[in-house]
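Okay, so the sequence shown: first residue is 1 according to the UniProt record's numbering, each after it adds one.
Everything labelled a hint here was simulated from the structure, so no lab data went into it.
The C-beta atom is built at its ideal place from N, Cα and C for all residues, glycine as well.
Among the hints, erroneous ones may be present.
What follows is a set of in silico ranges between Cβ atoms, one per label pair, in the way DEER data are often shown [to be verified]:
1) Asn116 with Ala75: 15 to 25 angstroms
2) Ala50 with Asp88: 11 to 21 angstroms
3) Val32 with Glu96: 17 to 27 angstroms
4) Gln41 with Cys4: 32 to 42 angstroms
5) Asn115 with Arg22: 15 to 25 angstroms
6) Asn39 with Tyr5: 18 to 28 angstroms
7) Asp88 with Glu6: 17 to 27 angstroms
8) Arg11 with Tyr68: 13 to 23 angstroms
9) Ala103 with Tyr68: 17 to 27 angstroms
10) Arg30 with Tyr68: 32 to 42 angstroms
11) Glu7 with Leu95: 18 to 28 angstroms
12) Ala50 with Gln112: 19 to 29 angstroms
13) Asp38 with Gln71: 26 to 36 angstroms
No farther apart than 27 angstroms at their CA atoms in a straight line, the calculated lysine-lysine pairs in the BS3-like style are these [to be verified]:
14) Lys58 with Lys99
15) Lys58 with Lys114
16) Lys74 with Lys58
17) Lys36 with Lys18
18) Lys18 with Lys66
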Amino acid sequence: MAECYEEYTERLCRNLAKAYIRYVMQDSGRPVAYVKADNGQRVLVMLEEASTAICIRKGLVVPAEKEYPGQTGKAFAIHMLNTCFDGDEISNEGLEVMKSVFADGVASILEQEKNNG
């Protein structure tokens, strides 16, 4: 049976999370990403596979589906996920995507804190 869209994108998000964490571990030896927020604040993000995959889905797949409803959005999301890989490893484009995903996520959290506090 062929893999459905949701399963396929979930698998790609998990694989991208793994590849990103491997890259970060090779680079710094720790599963930590440093994200520069819009306000100049530097935020430390602890990386774990499942939560990183969720961040990728919320920061890449969901926006693609909203921007381009229907099959076009799904195709675009898959295309964007595939450009993030160089074989099994993360590509330079993938590193830029991850930087953007985390920057947007941090901005959203900081905005929520600002509005709640």
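Evaluation of the provided hints:
no.: 1; hint: Asn116 with Ala75: 15 to 25 angstroms; in the structure: violated, 37 angstroms
no.: 2; hint: Ala50 with Asp88: 11 to 21 angstroms; in the structure: holds, 19 angstroms
no.: 3; hint: Val32 with Glu96: 17 to 27 angstroms; in the structure: holds, 19 angstroms
no.: 4; hint: Gln41 with Cys4: 32 to 42 angstroms; in the structure: holds, 40 angstroms
no.: 5; hint: Asn115 with Arg22: 15 to 25 angstroms; in the structure: violated, 36 angstroms
no.: 6; hint: Asn39 with Tyr5: 18 to 28 angstroms; in the structure: violated, 37 angstroms
no.: 7; hint: Asp88 with Glu6: 17 to 27 angstroms; in the structure: holds, 22 angstroms
no.: 8; hint: Arg11 with Tyr68: 13 to 23 angstroms; in the structure: holds, 21 angstroms
no.: 9; hint: Ala103 with Tyr68: 17 to 27 angstroms; in the structure: holds, 22 angstroms
no.: 10; hint: Arg30 with Tyr68: 32 to 42 angstroms; in the structure: holds, 37 angstroms
no.: 11; hint: Glu7 with Leu95: 18 to 28 angstroms; in the structure: holds, 25 angstroms
no.: 12; hint: Ala50 with Gln112: 19 to 29 angstroms; in the structure: holds, 22 angstroms
no.: 13; hint: Asp38 with Gln71: 26 to 36 angstroms; in the structure: holds, 34 angstroms
no.: 14; hint: Lys58 with Lys99; in the structure: holds, 14 angstroms
no.: 15; hint: Lys58 with Lys114; in the structure: holds, 21 angstroms
no.: 16; hint: Lys74 with Lys58; in the structure: holds, 14 angstroms
no.: 17; hint: Lys36 with Lys18; in the structure: holds, 22 angstroms
no.: 18; hint: Lys18 with Lys66; in the structure: holds, 25 angstroms
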